Amino acid sequence: MAYLVQPDYVKYVCSCGQMKPITNLYFCRHCLKIRCGFCICHEVDSHYCANCLENMPSSEARLKKNRCSSCFDCPSCFHTLSTRATMVQPRQDPASGDAKVENKQPKKMYYLSCFNCRWTSRDVGIPDQPVASGGWPERVNPFANRFAQLMEYYKAIAQQEKQEKLDKERKKFAIRGNYITLTDKTGLTGAMARNRAGMPSSESTSSAIANFVLSQATEEVEELPDDYHSREVNLKMITTMPQRLASPEWQAQQVSRLQPIARPLSVKRSQRCRQCDHNLTKPEYNPGSIKFKIELLAFYHVPEVKIISYETIKPGVTSALLLKLTNPTAHEMQIQLIQPNEVPEIEEKEEPKNIEKSLEKSLNLEKDMSWKSVVERKPTLPSAIKVNNPELTFTLAQRDDAAEYDDDSHHDTNDIILWRKSNKLALRLQLTADENAKVGLPAVAVVALQYTYRNTVPPTSTQPRDHTLYTTVTIDLGIVSQ
Amino acid sequence: MTLYEGIALIQEKQAVVLDLGAHYTKFGFTGEAAPRCIIKSEFWCPMERRYKQVYDYNTTEELYDNLVQMLHLLYFRHVLVNPKERKVVVIESLLTTTQFRETLAKVLYMHYEVSGVTWWDTGRACAATLGVGTALVVSIGAREAEVTPVVHAAPLVHAIQVPPLGMQAVRVHLANILKEDNETELQLDDNVLEDILVRTCFVPSRTLAIQLASEGCNGVRSVVCGGAGTSVRVTGRARALAAEPLFERDRDMASLPDAVLQCLIQCPRDTRRVLAENILITGGGATLPGLKARIAHELRHLITVEPYKDQLHIKTFKFHSSPCEDNVCAWVGGAVCGGADGGGRAEPRDVYLRTQRLRDWACLLHNTPPDHHHRCP
Ligand SMILES: [Zn+2]
Ligand SMILES: [Zn+2]
Ligand SMILES: [Zn+2]
Ligand SMILES: [Zn+2]
Chain R
1 MAYLVQPDYV
11 KYVCSCGQMK
21 PITNLYFCRH
31 CLKIRCGFCI
41 CHEVDSHYCA
51 NCLENMPSSE
61 ARLKKNRCSS
71 CFDCPSCFHT
81 LSTRATMVQP
91 RQDPASGDAK
101 VENKQPKKMY
111 YLSCFNCRWT
121 SRDVGIPDQP
131 VASGGWPERV
141 NPFANRFAQL
151 MEYYKAIAQQ
161 EKQEKLDKER
171 KKFAIRGNYI
181 TLTDKTGLTG
191 AMARNRAGMP
201 SSESTSSAIA
211 NFVLSQATEE
221 VEELPDDYHS
231 REVNLKMITT
241 MPQRLASPEW
251 QAQQVSRLQP
261 IARPLSVKRS
271 QRCRQCDHNL
281 TKPEYNPGSI
291 KFKIELLAFY
301 HVPEVKIISY
311 ETIKPGVTSA
321 LLLKLTNPTA
331 HEMQIQLIQP
341 NEVPEIEEKE
351 EPKNIEKSLE
361 KSLNLEKDMS
371 WKSVVERKPT
381 LPSAIKVNNP
391 ELTFTLAQRD
401 DAAEYDDDSH
411 HDTNDIILWR
421 KSNKLALRLQ
431 LTADENAKVG
441 LPAVAVVALQ
451 YTYRNTVPPT
461 STQPRDHTLY
471 TTVTIDLGIV
481 SQ
Chain F
1 MTLYEGIALI
11 QEKQAVVLDL
21 GAHYTKFGFT
31 GEAAPRCIIK
41 SEFWCPMERR
51 YKQVYDYNTT
61 EELYDNLVQM
71 LHLLYFRHVL
81 VNPKERKVVV
91 IESLLTTTQF
101 RETLAKVLYM
111 HYEVSGVTWW
121 DTGRACAATL
131 GVGTALVVSI
141 GAREAEVTPV
151 VHAAPLVHAI
161 QVPPLGMQAV
171 RVHLANILKE
181 DNETELQLDD
191 NVLEDILVRT
201 CFVPSRTLAI
211 QLASEGCNGV
221 RSVVCGGAGT
231 SVRVTGRARA
241 LAAEPLFERD
251 RDMASLPDAV
261 LQCLIQCPRD
271 TRRVLAENIL
281 ITGGGATLPG
291 LKARIAHELR
301 HLITVEPYKD
311 QLHIKTFKFH
321 SSPCEDNVCA
331 WVGGAVCGGA
341 DGGGRAEPRD
351 VYLRTQRLRD
361 WACLLHNTPP
371 DHHHRCP
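Line by line, the protein sequences give chains R and F. Quick note on this note's numbering: the first sequence kicks off at 1 and runs consecutively. Quick note on this note's numbering: the second sequence kicks off at 1 and runs consecutively.
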């Protein structure tokens, strides 16, 4: 719970340099590195409606513009609309005086209603429907027609441009003219190519271009009625900005023109390590399930650090910090606290660039690593507070859910180890704040952990199962006080 | 290249169109008549525990992070497609800073690995919704109004006017009037002000504005906004005069209609008349009732007085209206053009990765004619 409602007091440094709480991190079992939302690749896995929990194949979702066909949201307050049924007596048709008896059966009719704000589809004159789901009149964008014409027109121009360029290229092949280089590219110079786009050349044969009607400018501009300012303003009849923007196609300004909003779909995402392309999370397909098929969260693989308590940090003063370490894995873990600058730099294995490699690159077979240069950063760690690490290696037992109920606290407690309970351990650490630490600034201690990790699924059998890994943690200790 | 990728290449994916405005972001697919979403240009920042504006940044790195988070929101919450290997059409102002452009390019090409980006400026994109090649585009945005002459589908960069007369200026003015009229220190947040502005305010015609200036605004109905406890009395004065900053001329003729005329003065003589007869007033600000009509009145008045009377020999002003809502005009232009060329004009990813440079009109590297002796080989 603390992770949900409280600020993040303890942050881990991700392999990309971002600092995040452990609950926001992933652990790639193949690279043996911490990853975060910033440095991994997100992918759309499946579309579903969060209201009716129906899955929708992505091709269908594309067709339906990512909207559910049976759920609607209130256009007034955005709450989900409910379908209400009423019984109606079929109206007697006066023309056919002797109506048949069986027609007098009352019929069920349906309308949409909002339980939150009482808006109903009848308010805006949408006729009741004979079926409970679907069948609601679909609205088309009022500008759809003109837009289609514009599309046709510009497509024809693009086609013509392409043809002309081809012709020109063929003609000017011998004297590879300046003209091509000028018009070839995007940007302002490219505008010169489009210049002809705006004014199609006279020899244009395309009917789409010939038949297109340009927009006509007029001298009249729509004026407000003369008494507009003295009319009463009824705010109940004018929509708010969120109501308008909820349906970008018709942005109704009058409340009377609001229409039910087909509910937008949501997606489940799967996440992938960019370095090795393995999945870090993969959700189950069933929209009702919150489980994952693959779930490599740091919370299950990296030792968790929590603050128990701390003394106020004062410049030049040594204070105590109580931490709790937890081993979340199913194997015993050896942990040692080290200084952040003692974490060995992981050198990227630069393979010698031989001819084969460059050939691979030219064939586009080599993995694209261009993202690394923009995603990865060197974190700037504060150094005003020094943690006096004990020269000790602690052994943390594996996680054992049954052990929670045991009461056998180990009795190897001393100055440093406060207590120990199954896979948890409480530590007392000494902090020394720098004499020059500025009063009033945040006090952040940095500590690095060296820990052993057993990879239960090594990628190949030749690779070792046991590893020594490092992680750096920043601990928020309030502000430096006087 | 695997077989699968080959198939993917044949079925060109529908590109997305991105218009990152100062207040609102428009995002959707090319070939569609309206964006899929219009949302505030802000995202929840878990580190700072607040909503953060995309344009709220001090360093390039911070901007990079903002853009990554904003695009994540747009791709995975709103249009629900993978950014990877999909093209993007970006709508931008010609006066976007190099820092912003290059950071956005990095985020798109390298962080999200999109397959290509086409850059369209607001002026050309708006004009494209009309089908005409020459137009004077007055786009009233959140922070500033941009007056761009587009001649034969090319923007005349030297004549562009960008007065800081956007909806933000109107909002600030409205807040001041409300404070005076309610005689209390109102702590209205931007959303409430926007709500008051779009639902109650209007722009009086020129004749009415003159009349109100001399007689006061007692004739204009007032209205009470908001519920119990937070209600604000919006006086007639606030309703009618909120947009007045756009038309104030006392400071160096810096009103919006002045900017339009000054832009015309900067344009080549032979284009001025055509431009004046092809004006498009658009942008989110143009949705304010009566604004377009007022600009027309002011233009027709100003052209009869000094200094424009002698410099511009324009008799008629004509106005277009684009086939879309005003606040999405530039986006729709991008959706039409980006859809029509099938992404053919996009700068492909591999080209960008080789040089990591963007073509920019302000950069001589790209604008020096090929045979000029200053051009690098
Ligand atoms: Zn990361
Ligand atoms: Zn549904
Ligand atoms: Zn409702
Ligand atoms: Zn990996």
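Calculated directly from the structure, the hints in this document are not laboratory data. From a predicted model like this one, the values you see are computed outputs, not experimental measurements. A portion of the hints provided could be inaccurate.
As the list claims (entries may be wrong) - List of simulated lysine-lysine pairs, BS3-like, C-alpha gap at most 30 angstroms:
1. R:65 - F:318
2. R:236 - F:13
3. F:13 - R:33
4. R:33 - R:20
5. R:155 - F:13
6. F:309 - R:155
7. F:179 - R:65
8. F:179 - R:372
9. R:282 - F:179
10. R:293 - F:13
11. F:13 - R:282
12. F:84 - R:378
Here's how the hints hold up against the structure:
For the suggested pair residue 65 of chain R and residue 318 of chain F, the alpha carbons sit about 37 angstroms apart, so the restraint of at most 30 angstroms is broken. Between the alpha carbons of residue 236 of chain R and residue 13 of chain F the distance comes to roughly 43 angstroms, so the proposed pair goes past 30 angstroms and is violated. Restraint check for residue 13 of chain F and residue 33 of chain R: not satisfied, since their Cα atoms lie roughly 34 angstroms apart, outside the 30 angstroms limit. Annotation: proposed proximity of residue 33 of chain R to residue 20 of chain R holds, straight-line Cα distance about 14 angstroms (limit 30 angstroms).
Proposed proximity of residue 155 of chain R and residue 13 of chain F is supported: the alpha carbons are some 17 angstroms apart, at most 30 angstroms. As the CA atoms of residue 309 of chain F and residue 155 of chain R are separated by approximately 42 angstroms, the hinted pair breaks the 30 angstroms bound. Among the hinted pairs, residue 179 of chain F with residue 65 of chain R is inconsistent with the structure: their alpha-carbon atoms are about 44 angstroms apart, more than 30 angstroms. Using a Cα cut-off of 30 angstroms, the hinted pair residue 179 of chain F and residue 372 of chain R is violated, with the two alpha carbons roughly 52 angstroms apart.
With a C-alpha separation of about 54 angstroms, the suggested pair residue 282 of chain R and residue 179 of chain F falls outside the 30 angstroms cut-off, and the hint is violated. Between residue 293 of chain R and residue 13 of chain F the CA atoms are separated by roughly 29 angstroms; this keeps the pair inside 30 angstroms, and the hint holds. With a C-alpha separation of about 24 angstroms, the suggested pairing of residue 13 of chain F with residue 282 of chain R holds against the 30 angstroms cut-off. Between residue 84 of chain F and residue 378 of chain R the alpha-carbon distance is near 26 angstroms, which keeps this suggested pair within the 30 angstroms criterion.
Comparing the model with each earlier hint shows violations of hints 1, 2, 3, 6, 7, 8 and 9; every other hint is respected.
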